[in-house]
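Residue numbers (the numbering used here), protein chains in the order written: chain R, 1 to 341; chain Z, 1 to 291.
Treat the hints with care, as some may be off.
[Claimed, not checked] Listed below are several chain Z residues computed to face chain R (Cβ distance under 10 angstroms; list not exhaustive):
1. Phe7
2. Thr116
3. Gly129
4. Leu181
5. Arg280
Derived by calculation from the structure, the hints in this document are not laboratory data. Please read all numbers here as calculations on a predicted model, not as lab measurements. Cβ coordinates follow ideal geometry from the N, Cα and C atoms, glycine included.
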Amino acid sequence: MGYVSSTLPPMSATASPTAHLGSRPSRGRRSRRKQADRIGDAVLYGVCLLAALLSIAMIVLIGYQVVHGASPAISKFGLGFLTGTTWQPNFGEFGAGSLIFGTAVSSFAALLLGAPIAIAIGLFLSLLAPARVRGVISPLVEMLAAIPSVILGFWGILVLAPFVHENIEPFLHGTLGFIPIFGAAQTTGSSVFTASLILTIMVIPIIASISRDLFLAVPRDVQDGASALGATRWEVVRGVVLPSTASGVVAASLLGLGRALGEAIAVAQVIGAGSEIQASLFKTGDTLAARIANQFPGALTELHKASLFYLGTILLVIGLVSNLVAHWIGRRFSFEGGTLR
Amino acid sequence: MSRDTVFDPTAPLTPTGNLRRRQVFSRLAIYGATAAAVLAVGVLVIVIYTVAARGASALNLDFLIKGAPAGIGPELVGTAIIVAIATAIAMPIGVLIALFLTEFAGSRATHLIRMTLDLMNGLPSIIIGLFIFGLLVNHHKQSGIAASVALAIIEVPLIARGSQEVLLLVPGSLREAADALGVSRWRAVLGIVLPSALGGILTSTVLSVARAAGETAPLIFATSVFDPGKYSLNPFEALPNVPVRIYTLSEEANPTGFAEAWGLSLILISLILFASLGARALFARSKRKMA
Chain R
1 MGYVSSTLPP MSATASPTAH LGSRPSRGRR SRRKQADRIG DAVLYGVCLL
51 AALLSIAMIV LIGYQVVHGA SPAISKFGLG FLTGTTWQPN FGEFGAGSLI
101 FGTAVSSFAA LLLGAPIAIA IGLFLSLLAP ARVRGVISPL VEMLAAIPSV
151 ILGFWGILVL APFVHENIEP FLHGTLGFIP IFGAAQTTGS SVFTASLILT
201 IMVIPIIASI SRDLFLAVPR DVQDGASALG ATRWEVVRGV VLPSTASGVV
251 AASLLGLGRA LGEAIAVAQV IGAGSEIQAS LFKTGDTLAA RIANQFPGAL
301 TELHKASLFY LGTILLVIGL VSNLVAHWIG RRFSFEGGTL R
Chain Z
1 MSRDTVFDPT APLTPTGNLR RRQVFSRLAI YGATAAAVLA VGVLVIVIYT
51 VAARGASALN LDFLIKGAPA GIGPELVGTA IIVAIATAIA MPIGVLIALF
101 LTEFAGSRAT HLIRMTLDLM NGLPSIIIGL FIFGLLVNHH KQSGIAASVA
151 LAIIEVPLIA RGSQEVLLLV PGSLREAADA LGVSRWRAVL GIVLPSALGG
201 ILTSTVLSVA RAAGETAPLI FATSVFDPGK YSLNPFEALP NVPVRIYTLS
251 EEANPTGFAE AWGLSLILIS LILFASLGAR ALFARSKRKM A
């Protein structure tokens with residue numbers, strides 16, 4: 001939604017909200033009232049400004065606290081922490097390499113699975129479904145995002161993981177086993193693959209609702225023009241709708257990626273907390289966020305805690321970058337973050 | 001029309017050759033998109049059905065009011081306290097930010113604040129947990145208040161963005177009429193603009209509550225060490241709460257614990273779904289009324 005100037009009060013063009021006041025001297029009750037109004041205006045403006053500044057201060061403070069908590073580990077391990085793959089709290093040795101690997105693999109797998117499905121849902125909701133169907137399906141898809149991650153993770157442990165372990169993993173290993181990522185199934189269903197599926201479920205509603213809004217905004221007459229030239233439904237999508245919204249769809253996918261990278265609880269529940277870098281998706285693994293959630297309550301040494309904060313710092317940097325890039329790419333569209341609509 | 005067919009004026013008007021191929025492809029694409037939507041709804045139905053089927057058997061009055069191991073009363077009360085305090089903190093801040101954006105900020109400030117809100121919204125909740133640990137829990141102790149502050153940080157951007165959206169829908173003519181009558185800015189905002197946007201503001205608050213109630217990651221840092229058997233009402237102590245309890249039970253391989261966790265999940269998920277569906281319906285109505 002653009003910033004429509006007609007909805008702005010006229011004086012917002014000037015910097016000060018009190019600029020229109022007090023240009024004419026007056027006396028008595030009126031002047032006292034003007035005095036009160038001047039104070040009221042200033043107070044309202046001040047309080048609003050304060051709240052806005054608070055939000056900026058919060059981001060800065062969060063960054064400071066996380067880096068501050070990580071500082072012992074940063075000074076001890078330096079940047080070598082990023083590539084080190086040993087994680088042995090008992091020996092005071094920490095490295096984030098396998099966790100960065102696990103985070104990247106699980107999130108990209110989720111995006112690879114989820115983005116095409118979500119974009120297809122966005123197309124269905126915006127261009128194919130009749131208004132009444134859209135009115136029912138749209139909120140249902142967004143409901144997926146409302147399921148708390150802890151419940152999704154719990155469902156993942158008890159329902160999804162056994163199913164994946166008994167059906168999907170043997171099938172994929174049997175048919176595509178020559179590709180190393182589809183290795184032999186392990187003893188339980190806790191695996192990077194299961195975690196990716198859970199993340200896929202989380203990513204879909206985000207990308208779907210944003211891309212639906214993007215597609216809905218594509219002017220109808222351009223699509224009709226393409227149809228009139230003989231384009232089929234798909235060719236309209238391929239030739240008109242997708243190209244004109246491509247950057248917005250990329251931004252939406254980045255937001256989904258950011259969500260997948262940062263998800264801690266559900267991943268911690270189903271990924272199995274492995275510590276090695278392995279090619280097979282069916283082995284256990286771990287991510288930055290999940291490792292923090294798993295080990296922080298039991299962390300005893302200061303260095304262990306600081307290392308977990310260091311993981312948080314990495315996560316914060318990745319998260320901020322992906323969100324900033326998404327914001328920058330998507331600024332042309334200014335979508336609503338998928339919360340209200 | 002493919003090249004080797006001879007033009008035959010009596011042939012029926014059905015697509016052949018390339019056009020036919022294109023139409024088949026298009027139809028397949030439509031089926032694919034429909035299947036994707038069905039898949040997403042299917043996953044939602046499966047998750048909710050599992051939770052309902054397995055949770056329903058645990059539900060009875062004792063389960064709702066007694067402490068562990070018989071029930072989940074303390075967790076429900078604790079979560080209610082934590083979320084209530086969080087909303088009491090977040091709602092005024094969120095609404096004020098929205099007012100700043102719609103009533104005062106120039107375009108550059110608007111961009112900056114909106115970007116900040118987007119960043120806050122995109123922040124992994126585990127980071128907020130680390131932040132709260134560093135700020136309020138480390139060197140002190142766990143408390144419900146710390147959890148509330150963490151959830152407030154999650155709620156603020158949601159409330160601010162939602163409120164901004166409805167504030168922008170307040171007709172400009174209302175503000176102009178107020179200006180024309182010589183009504184000062186703050187009276188116009190508090191007396192006219194805010195009341196007419198109230199429905200939408202409440203809606204976005206309810207939605208943010210629905211989001212915050214299920215957040216687990218920050219609570220692991222702020223209020224995870226509690227006795228699930230005892231009611232606790234003091235927000236300056238660690239409070240029992242639903243999400244952390246589900247998380248703990250899910251990590252222990254214990255069938256009775258699983259049954260309790262399913263019950264908790266059912267309560268939590270139904271509260272959240274009803275709140276967000278209801279809020280959405282309300283929002284759609286108030287939006288229609290205002291537009």
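To see whether the hints hold, each was checked on the structure:
no.: 1; hint: Phe7; result: 19 angstroms, violated
no.: 2; hint: Thr116; result: 5 angstroms, holds
no.: 3; hint: Gly129; result: 8 angstroms, holds
no.: 4; hint: Leu181; result: 13 angstroms, violated
no.: 5; hint: Arg280; result: 6 angstroms, holds
Going through the hint list in order, the structure does not satisfy hints 1 and 4.
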